[in-house]
Amino acid sequence: MMNYYKTGQFAKLANVSERTIRYYDKIGLLKPSFVMENGYRQYSDLDLLKLQKILSLKHLGFSIEEIFPMVMDNTDLKESFDLQIDLIEDKMSHLQSLKDALKRASQAPDLSWNMILSLVQLSNEETNIIEQYKNAKNLNDRICLHEKYSTNKQGWFNWLFEKIDFSKVNRLLELGCGNGKLWQENKIDLRNREIFLSDISDGMVDEVRTKLGSDFNCIVVNAEKIPFKNAYFDTIIANHVLFYLNDLNQGLKEIDRVLKPNGIFYCSTYGKEHMKEITELVQNFDSRINLSNHSLYDIFGLDNGEAILKPYFNNIERMDYHDSLEITESKPLIDYIMSCHGNQNEILGPRLAEFKEYIEAILKENNKIIVTKQAGLFKARH
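Going left to right, the sequence shown walks through residues 1 to 382 as the working numbering numbers them.
For the record, the hints were derived by calculation from the structure and aren't laboratory data.
Computed from a predicted model, the values in this text were never measured in an experiment.
Check before you lean on any hint, since a few could be wrong.
To be verified - Straight line, CA to CA, 30 Å or less: simulated DSS-like cross-link-like pairs of lysine-lysine:
id, residue 1, residue 2
1, K229, K181
2, K187, K211
3, K364, K276
4, K181, K368
5, K50, K148
6, K356, K379
7, K356, K373
8, K181, K163
Sequences and hints are given; from them, build the entire structure.
Take a look at the structure:
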């Protein structure tokens, strides 16, 4: 039997202030199950579970804007608890490491500068736990949309793997390997080969190391400062990475430096038509929304990529991947939109229920949303 509570009872039960409950109601994060004719709010046991998740995520360090999409749907209760357990365990592990380091420092006869610096860095690492979760979730949401609704059934990662000439590979570096998707389903003979999978995110590297085991060398690398000697690799891959570099020219200089003479550099990117319908869809809902702070294809895209690569490489070949999306469900699309790198969380967060109705009305009218994809690969030789 479902129990219902007035605002004051609900707040007391959850050990929060009535002001907090009213604020969550006002911004649309936690609406009551129903409102009586006299205006009194009635909250249910299900609302209490939702509030528990909100409070837990807020305590773990998520912002209100980030919490909105995470509590939008009535997700499986076990899944919700498992997520919170994983994040709490990561945080506990970090706090235990910090405690151990503080104990060592307190017992040390002489406190060195390196020990102090280590403590400062360790203290700051707590925020990385949440950032790593966000990065992994956002990447998975983006990959999921493409895997589920792409019309090209070969799939991007299979196509990309097929384009790599492994007969020339003895020592390979992938920059920005993400969750290691390129290597999960595509097997390669690793005898007499060294494969280095790298990412700037510690969390991504840990995930890849767990998934792929010891067959690959999994390391944290900043593409603008690659920690290998000159002419070390005969093949380098940067899959949708170059447009994220802070200094693209510096990154290309480093890639040029560590690539052997006659080595091959594979780098993928987008064209200006890529996913344009999704941008139009969200801006028709609210013109203030930008899904990216920068147009990635302007930084390094299919149209300007060859010119950007020319100072460093010869014999540049462009290969286009032909595909589109036919989206038939609202949730994967909304998850994708909320994973973007723009201001959508801030604007859409309080209006997610309304936005979901907007998407579902479009799907009801058209049966599906067709989205252009324009992606491709440059194969550049020294």
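Against the structure, the hints come out as follows:
1. K229 x K181: holds (27 Å)
2. K187 x K211: Roughly 14 Å between the alpha carbons, so the hint for K187 and K211 holds.
3. K364 x K276: Holds, because 21 Å separates the two Cα atoms, which is no more than 30 Å.
4. K181 x K368: Satisfied, since the Cα-Cα distance of roughly 27 Å is no more than 30 Å.
5. K50 x K148: Holds: K50 and K148 sit about 28 Å apart, inside 30 Å.
6. K356 x K379: It is violated: about 41 Å lies between the C-alpha atoms, which goes past 30 Å.
7. K356 x K373: holds (23 Å)
8. K181 x K163: Distance ~16 Å between K181 and K163 Cα, so the pair holds.
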